[in-house]
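Heads up: the sequence shown is residues 14 to 517, going by this note's numbering.
If you are wondering where the hints come from, they were derived from the structure by calculation, not from laboratory data.
Please read all numbers here as calculations on a predicted model, not as lab measurements.
Careful: at least some of the hints might be erroneous.
[To be verified] Capping the alpha-carbon separation at 25 Å, the derived lysine to aspartate or glutamate pairs in DMTMM-like fashion look like this:
(1) Lys287 <-> Glu234
(2) Lys231 <-> Glu368
(3) Lys287 <-> Asp334
(4) Lys231 <-> Glu265
(5) Lys287 <-> Glu368
(6) Lys154 <-> Glu234
(7) Lys260 <-> Asp212
(8) Lys231 <-> Asp262
(9) Lys438 <-> Asp306
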Amino acid sequence: MKATLRSAVLLGLLAWSAPSFAEVQNVRVGGEVNVRAFHRDSLRLSEDVHNQSAATSRVATVTDGLVDGGTAEYGSADDNFLQQLTAVNVDADLTENVSTQVRVINQRVWGAVNDGASDQSTISTESANDVQLSLANISLKELFYSPLTLTVGRQRLWFGRGFIVGSRLLHSDVDPGDALAADEFSDLTAFDAVRATLDLGGTAAMDMPLVLDFVYAKVEEDDISVTGTADSAADDTNLFGVNLGTKFDRGEAELYVWRKDDKSATTSIETDTKPHVNVVGLRGSTAPVAGSDVWGELAYQWGNRVTSAITYDAEGAPGDDFSAWGMNLGADYTMADAAWSPTLGGEWVYFSGDEGVQGGIGTAIAGWDGMYRGRFFSALRDFQATGFYLPAQSGATAGGTFANVTGAQTNQHILALHGTLRPVKDLTVDNRLSWFLADKAVRSTINSKPKRFFGTEWDVQANYAYTDDVNLGLVWGIFMPGSVFRSPYDSIAQEAITSVSVKF
């Protein structure tokens, strides 16, 4: 009798558990190991200021006769280090139309293992061995028997060319444990979000393929009202968006609306002036002839200024009304039949600026808000911004020697030419020459005339596909400051990065 009962129980458990395992139709395990070696010199445009990302830019005390109100921060402007990303991906197809995606990572500087470094010329390394969650989401296709796909959880959001939404890199929280020395290479750029994608297909008018996306992302949860004295959403950062896209024979087009509510700095802001940014835009690309690519994007912003932290200035308090424009125009042409298959192209990027007042003397402040841009146009200048590598001249206060200088994410024109060559099979070499001009002229020093030329940058990027799994890379960039930057904060910035990566 006991044996019979045991057999019945085992058979019952097997019958109950077998369907659970059968629901997993396919599991894919992969990953990535990427090692980069860096050489950096004067990223903050000074030979006497360290290259640590996210640190303040003020470099001298008042007694030094330099930046008023600053604190001493002298360190090495010449750095050599290695940084590694290790990732494991697990993707699973479950029941029909149900799938999951998980990516766990470790990112760290070589040799930085629990040494507790805290000097400003180095990095904090207590979390060098931490494992972090980069992606974790669920996808449900044909939800409610309709052409609707719902993706819930930590996921990458990239729309169009990443001009408005593509990464949370500009949110400056992508290295929570200070394990990296080069934050711009962080893998923690995904969003905690819900994305609903409706594929209208041939049901739309004119029988055009149409895809409609609705997005909600919780970018930052600041407080869940432990004390119960405040609304738990009163200090959060949220992102909302609607994106309508279509494709045609030789191109594609998108229309979008985004809103960023950033209440993280609103403790003293009235309810009706909560900082937020509204964005409406149109993007399109086409290939008028074989081998060509022409693209354009125009966006308009308005709302209450989110924060002055996206600039280097103290003017423009959170809650102030603002409006701004952003534009991206470019064209490429590939001569596929010519030797080395060269590609030639040009591009114009525009972020509008605004007029401000510092110490009674007019200067330029932020206009355009960088939102969650995913595409970056240069190796050095693009990261002369809060959270990365502020030029040493920036961060001045009224009455000091130097005036504030707007950052790379606003008040700027970028004019660029680039050429790509493929000299041998599996090797691609891209050269890009960029000029950076202020939209609204800025004052380098308190008593100087307004200037507009930020500088010139030359970037070279080479990639060699050693095998199908192994890629060797090289990035070299040099930024030569223009008339906006003044001595002693006008040193040439350089960076060289070699890399080897394996994806499996």
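Find the hints from earlier in the document that the structure breaks and name them by number, from lowest to highest. Hint check: 2, 4, 6, 8 fail, others pass.
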